[in-house]
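Residue numbers (the working numbering), protein chains in the order written: chain A, 1 to 317; chain B, 1 to 433.
By construction, these hints were calculated from the structure, which means they are not laboratory data.
Be aware that one or more of the hints could be misleading.
[To be verified] Dumping the calculated EDC-like pairs for lysine to aspartate or glutamate here, alpha-carbon to alpha-carbon at most 16 Å:
#1 B/Lys-144 <-> B/Glu-122
#2 B/Lys-424 <-> B/Asp-390
#3 B/Lys-394 <-> A/Glu-69
#4 A/Lys-300 <-> B/Glu-122
#5 B/Lys-387 <-> B/Glu-335
#6 A/Lys-300 <-> B/Asp-151
#7 B/Lys-269 <-> B/Glu-402
#8 B/Lys-7 <-> B/Glu-402
#9 A/Lys-202 <-> B/Asp-369
#10 B/Lys-29 <-> B/Glu-122
#11 B/Lys-269 <-> B/Asp-176
#12 A/Lys-199 <-> B/Glu-402
#13 B/Lys-193 <-> B/Asp-151
#14 B/Lys-357 <-> A/Asp-295
#15 B/Lys-79 <-> B/Asp-100
[What the hints assert, rightly or not] Which residues of chain A face chain B? A few of them, derived with a C-beta cut under 10 Å, are:
#16 Ser-166
#17 Lys-169
#18 Arg-299
The beta carbon of each residue, even a glycine, is placed where N, CA and C say it ideally should be.
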Amino acid sequence: MNRLTVSVSPHIRSGNTTQKIMLDVIIALMPALIVSIILYGFRSLLLTVISVITCVLGELIFEKLLHREVTIMDLSAVVTGILVAFNVPVDMPIWMLVVGAIAAIILGKMIFGGLGCNFMNPALVGRIVMMFSFTTAMTTYSVPAGTVDALTSATPLAVMGNLDWSNFKDLVLGIHGGVIGETCCVALLAGGIYLIIRKVIKPIIPLCYIGALMLFTWIFGGPQPILSVFAGGVFLGAFFMATDYVTSPITNWGKVIFGCFIGFITAVIRVFGNYTEGVTFAIILANILVPYINDLTRRKPVGAIVEKKGKKVKAND
Amino acid sequence: MKAKYLKSIHVPHYKRTAGDIPNRMDLPKTVTIPMSMHIGAPCTPVVKVGDHVAIGQIIGDSTAFVSAPIHASISGKVKAVDTMLLSSGALTTAVTIESDGLGEVYSEVKPPVITDFDSFIEAVRASGCVGLGGAGFPTAAKLKVDPEKVDYILVNGAECEPYITADTHTMVDRTDRLGKGLDTLHWFYPNAKIIIGIEDNKKFAIESMQELTADMPNVSVQSLPASYPQGGEKVLIYNLTHRVVPAGKLPIDVGCIVINATTLSFIGKYLMTGLPLVTKCVTIDGGAIRLPQNLIVPIGTSMMDVAEACNGLKGDPFKVLYGGPMMGISVPDLEQPILKSTNAVLFLTEKEAKITKPSACIHCGRCVDACPLNLEPTALEHACIAKDVDELNKLNIMLCMECGSCAFVCPAKRNLVESHKLAKSLVKEAQAR
């Protein structure tokens, strides 16, 4: 008779794993990838593949060098890779993208201890590095093939004054200049809804973010408060970046505060700042506040006795 | 605004033994009965090697109030009085009885004479009754409270653990005993409302209890959602009465007594027959057992004998548990005896009780959403690793009931319950210092 295994309960576990969650995120990003191939051609697929390979190899080599356990099979590096690629224009030189992807995986994630230990969204770290290092390449947008002017053009946000409801269809379908993954709101929304249905993310952060962005853009007197949420990286940010587990609050009220805060900062940057786009900085800024938001919104445990003004108060809720 | 129910999770049911009439096991050749099968003071053996004992005869007792006497579960000769290692890691004395094959009942077993509250409590104590849902708290100690203070008596028929169906059997097939128990409780606690809480996936149990209690004005049957941990004491109290047991307090401090359906049924049986707690209806299940069933087993029977009674094992089991898979205790070998509080023995295969290596916490918050008591398991684990007792207290570690919901849902397969148990002992150590 073999020896019996002894361990602490529970002895059964749910079938959910980190890998399955990451796979769901990858699946949810596919509609946006397909649309970007249609809009910008196969180069966007090439960029995505290169970025993914760089991120996965980066994580693998880093772990090998430091004699750590190899964790590439959790697929989180693949997600980071796709998101980094989604943040560059289609004509971005490949070596620049590789630099961005390495920055994302190494500076954004691995030096803090890998998955779960980083405090900023790795893909956004990559984006910021590329933004400051290769500003021209990062802001030279190609217009999708088939539209009138096949040369470079500004994103809708840069020409916000020209936004109106007549080009709403082009706006939500992503037929305008921009980085490869962020322009098609419909595809991103489809992916977001998939994640919500699969219970990978809760809708709290995206809804609060988009709602707060509309509200504050309107309060600050920015142009087109409603249309502007369909421009720029709002949808990609709301559904795929701000909802990153590691860098978002774990409590529901924390998620509300977090989402609203990103919306507020995005609106401030867009209306008052020099940048036309504010999503990246808003999310990164909110990421840094997450530990405080978590502490602030901790729920009172059932039956806990809380000290209030030096007097013991019985908890009953 | 209070939530109607505390948070809960969905676990698979696997209740394939539901609806089976339990079989009575043939008398085993030997039984080994530990002197500590309950919370509280262990008993001292009152028999010595060579003594002849009969079913229902006291073999261990204690003068402490929070304790319960222990009776012989088969007739025969005392073969050994020795120390044994329990699966909890504690050493205790155990009495081994060799069967004479007769199954003879002790001559002094007769229904108790109940005249007043004190004699009722004395009878419950003499029956050897402890909480049969798994906790093993001496029932007499639980019931010995001022009846005026009891607003609710909650009969726990939730049976939320996967696999286990022994309580359901009690509620469906043994209604006469439960009826006697309910009548007695109503007699001694006249002001208390008695609520029987049953998960809504046990339709037969709900129906049979409704039928039984139709003309009992103080008793109601409450259907509860089939979710885990519905049968946890604090959870049941909240879900049935919306009362909250504060940290470090007992249910009676909020006017509640929670009693397991099988425990109450046993009290009813004892009042009618006078036969102490010597057998237990146990759900035998798991992928490694040939014939899963509910089995009535003499206390002290080894798990090996139980497996034999179920046509043996299919290959080697990977893990063998006392109780359900969510909170059950895994045993090191099959020599371990059936205890008073054992409600199931599960022989699990490697596939069923798969152990996955934990990976990094991704802060997904599933554990936080799962915890019925609003604790933050991931933060608790962090504080435990850092041995930060102040932080653990701030996070209310001592409230944790180790239900395992957090570890069940964790996608990174973190061993959260393990760290919570360690954290509690850290806090206790710090308090002792």
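Checked hints:
1. B/Lys-144 <-> B/Glu-122: holds (9 Å)
2. B/Lys-424 <-> B/Asp-390: With Cα atoms ~12 Å apart, B/Lys-424 and B/Asp-390 stay inside 16 Å; holds.
3. B/Lys-394 <-> A/Glu-69: Answer violated: B/Lys-394 to A/Glu-69 is near 33 Å, above 16 Å.
4. A/Lys-300 <-> B/Glu-122: Given that 16 Å is the threshold and the Cα spacing comes to 41 Å, the pair is violated.
5. B/Lys-387 <-> B/Glu-335: violated (36 Å)
6. A/Lys-300 <-> B/Asp-151: violated (26 Å)
7. B/Lys-269 <-> B/Glu-402: The hint is violated at about 32 Å.
8. B/Lys-7 <-> B/Glu-402: The hint holds at about 15 Å.
9. A/Lys-202 <-> B/Asp-369: Judged against 16 Å, a Cα distance of about 11 Å means the pair holds.
10. B/Lys-29 <-> B/Glu-122: Roughly 32 Å separates the two Cα atoms, so the pair is violated.
11. B/Lys-269 <-> B/Asp-176: Holds. B/Lys-269 to B/Asp-176 sits at ~8 Å (cutoff 16 Å).
12. A/Lys-199 <-> B/Glu-402: Violated, because 25 Å separates the two Cα atoms, which is more than 16 Å.
13. B/Lys-193 <-> B/Asp-151: holds (6 Å)
14. B/Lys-357 <-> A/Asp-295: Not OK: B/Lys-357 and A/Asp-295 at ~29 Å, beyond 16 Å, violated.
15. B/Lys-79 <-> B/Asp-100: The hint holds at about 12 Å.
16. Ser-166: violated (42 Å)
17. Lys-169: violated (36 Å)
18. Arg-299: holds (4 Å)
Violated hints, in rising order: 3, 4, 5, 6, 7, 10, 12, 14, 16 and 17; the structure is consistent with all others.
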